[in-house]
Amino acid sequence: MDRTQPEDGKGHKRTRSAVKATRPRSSTKGPLDAADPLAPPPATSQPSTTIPPPSSSSTTTTTPAPTPPSPNPQLIPQPTPRMHPSHTPRAASPLPRSPALSPTPGTPRRPPPGSTAPLRPKDFSFLLRPEIFHPLTPLNIPPAFRNSTKQPPPETPLPELLEKGHFRAAAISAVQTLTGTGRTPQQPDPSDHVRIFDLLYTRWACLTLINSTDLAAQEVKALGDLNSAFYLSEDPTSGKTHHLVPWGLRVLNVRLQAIGFGDLRRAVMSYYELAREARVKLGEAMGEHDNSSRELWRERLEDLGVRVAGTLVEMGDVKGAGEHLRGLKVGDGGKMEMMRALLWLRLGDVDAARGCVMNGEGRGVTRGEKVVLALCDMADGEYEEAVAKWRELEEEEEGDEMVMVNLAVCLLYVGRMQEGRALLEGMVDAGRSSHTLLFNLTTMYELCTERARSLKVRLSEKVAAMEETNDGWEKTNADFKL
Amino acid sequence: MSHQRHFSDAAVKEPHSVSLKVLRLTRPSLVSQYPLSPPLSSSSSITPPPPLPASLSYSPSSTNPTPFLLSPILALPPSFGSAYVGTTFSCTLCANHDIPPPIDGGPPLSVKTIRDVKIEAEMKTPSSPTLIPLLPPGNDEGTDLSPGGTLQKIVSFDLREEGAHTLVVQVSYYEATSTSGRARMFRKLYQFVCKGLLVVRTKTSALGLGKQGNRRWVLEAQIENSGGGGETGDGGGEVVFMEEIGLELEKGLRGRDLNFWGRGRGREKVVLRAGEGEEVVFVVEEEGEWDGKEEEEGRRVFGVLQIGWRGEGGGRGSLATGRLGTRVLRPREGGAVSKV
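Taken in order, these protein sequences are the chains called F and U.
Mapping to the numbering used here: the first sequence position 140 is 1321, numbers consecutive.
Mapping to the numbering used here: the second sequence position 48 is 88, numbers consecutive.
Please keep in mind that the hints were generated in silico from the structure rather than gathered at the bench.
A hint or two may mislead.
27 Å max Cα-Cα, derived DSS-like pairs, lysine-lysine [stated by the list, open to error]:
id : chain 1 : residue 1 : chain 2 : residue 2
1  : U       : Lys61     : U       : Lys251
2  : U       : Lys251    : U       : Lys291
3  : U       : Lys235    : F       : Lys1500
4  : F       : Lys1516   : U       : Lys309
5  : U       : Lys61     : F       : Lys1643
6  : F       : Lys1516   : F       : Lys1500
7  : F       : Lys1500   : F       : Lys1331
8  : F       : Lys1510   : U       : Lys309
9  : F       : Lys1551   : U       : Lys309
Turn these sequences into a full structure, and let the hints guide you.
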């Protein structure tokens, strides 16, 4: 199973289950775990991992047979050969050991003697390999988009693609840059972690936006364990460590890895690990009276707390999510009330949802409260009353997408689908095109005729003719139920 | 909802000008969202940038609790789902005046006039067929449909039996061309299986005489959610929020609820995921002193257990057990297990 284990003839062996090794490890950091700038990437203690020697083109490597990339890209990149927590005594000092352990002497893992080792940049070339990335098929794009003149030319710069909502093109472009293929800008230097991670984040964020989260979940495994010391960097002057991977990517990575490994509980744990770090940073910022940094970390901490609640919901533990939210101090302007009310609505506890916004008063006062009360009516099956509430909300503030979509849905439940359909079509004419809007409208089309397909195709043409914005221009067949 | 057949006068081979489409109306669902910070935004910014609009379930608004998973925008039911005893089956029926497409560049077909469209629905349950009233109530004369027009009705039916159900929908209309006209009619059948969701097991045992010399019993009930899905409850299977478990007692009896959950402050929510169960206990006692006589039938009836629950999104369900009681001949060993 473990074909990446070449330590034959050694006095000790490690049994590493490949699966285990690639999973994000829970953090057990001790004082000895601090990143050692002198150290080569820990992966070097395992010559078979696929971190190639730095700039192998310019260095003579005496490795007899350079380890070929594993055929299974999911198992390869392990920049973090630190072991299971139970092996901590060994894992705590893996770095000095590495040369001795190395079965391939002469591999230029260490800089030549005499060079200033601390400045040797880390090598991220294992994230630039083309085999990590999946091709994206254009087949699930409706022809109206595929053949549109709005399709960007291949040389369009990435920021422009994102600005205009060409997320599929952006995902492709990011990979072309990373792998040095195509007509996109030059491939980043393997040590240029800022650019590499920006491109990776763009790639995976865009995949989640085009209904390809599963692909992203596979690709993100290439990062291995982001808790590894390999991803840490120490500031030589202040001695502080910081993570080389941008926060947004680390947060996204939590969800994607959990999906990739089919274990959402993992995500809860990983969010807590990030939260632990955020607390430390928050503490540091407060100690230094750095207000902007304090605000930043406080917001990140809140964000993580809310994401944990969402993950619990996805795990089916709505009650647990409610308990969790109770312990959070988040948001203002009724955001917490809205979150709790939505939770209870999801669960079906309509009384509790009402209780979140009524506080003993007769009716909701704020807009959010009124929205919750209208949703409660629908959960109770009181659709006529809900229609009245949605109408009132719509008149108060024209053009609120959520209110209009919900009104249209509600109209269908009271037998006035034609009005609902007209409302949704009016929104499309006004330039709206969210997934939910399109899904509901195409569902109504399916009810309106035996030949819904032509209506759907016409809708896709209408949406394809819309202006490109960062709301996302290109849609998939699934959006139109085609 | 698979099987469907057309009934009509066999002589008429011409396709119908009216089509029937249906959608089961379970509760609409709150749409999930996964907010993302925008790519390529400067990572050194002081505050986190607002989430990328495309990653939200609807255009940015003060009502969106980003970065929370659930958002208040609603999506129509994506699929039929499962049907359970004790819930209400609701479905919308749409009779549409479909305009046939022109045949291969030929002249457009002459559009017919469709009048007096009527929809009738009947539910065939394992025991008997039942006619279902339609909502909203319309005129009995029928509705005229212009080309592309739709007559929409909604049916609601309380599911009380396990087993195969068939929703029979009959559409009748009058079809007129410039020269002639005729009455036409067709039926469509939609089959589905109704399953039990909650399994209730009860057990009674005697508690001896109370202070006033009255007889007392303990009634235990175990309620299990058998609503499919995996054991872990990770998204699979039905989730049941128990709204009410109450004992409706016969005259001359009073009951005490020994449970820590239910309505009211400080009480805990009971949520049953697929495969999970909950135990409830009641003490049942007679109001007067026991005269020492046993019941002639050898059985003391307490009453029924009423269970009310809500499904995901708030869909209601309710069940009542059969009449619960205990054999009184040998009260100390009393114990009856009944299954609903």
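Structure-based check of each hint:
Restraint check: the Cα-Cα separation between Lys61 (chain U) and Lys251 (chain U) comes to about 65 Å, which exceeds 27 Å; the hinted pair is violated. Between Lys251 (chain U) and Lys291 (chain U) the CA atoms are separated by roughly 20 Å; this keeps the pair inside 27 Å, and the hint holds. Taking the CA atoms of Lys235 (chain U) and Lys1500 (chain F), the gap is near 25 Å; set against the 27 Å cutoff, the hint holds. This hinted pair checks out: Lys1516 (chain F) and Lys309 (chain U) have alpha carbons roughly 23 Å apart, not beyond 27 Å.
About 25 Å separates the Cα atoms of Lys61 (chain U) and Lys1643 (chain F), which keeps this hinted pair within 27 Å; it holds. Restraint check: the Cα-Cα separation between Lys1516 (chain F) and Lys1500 (chain F) comes to about 19 Å, which is no more than 27 Å; the hinted pair holds. A hinted pair counts as satisfied when its Cα atoms are at most 27 Å apart, and Lys1500 (chain F) with Lys1331 (chain F) does not qualify at roughly 46 Å. Restraint check: the Cα-Cα separation between Lys1510 (chain F) and Lys309 (chain U) comes to about 22 Å, which is no more than 27 Å; the hinted pair holds.
For the hint linking Lys1551 (chain F) to Lys309 (chain U), the alpha-carbon distance of about 25 Å falls within 27 Å, and the restraint holds.
In this structure, the hints that do not hold are numbers 1 and 7, in rising order.
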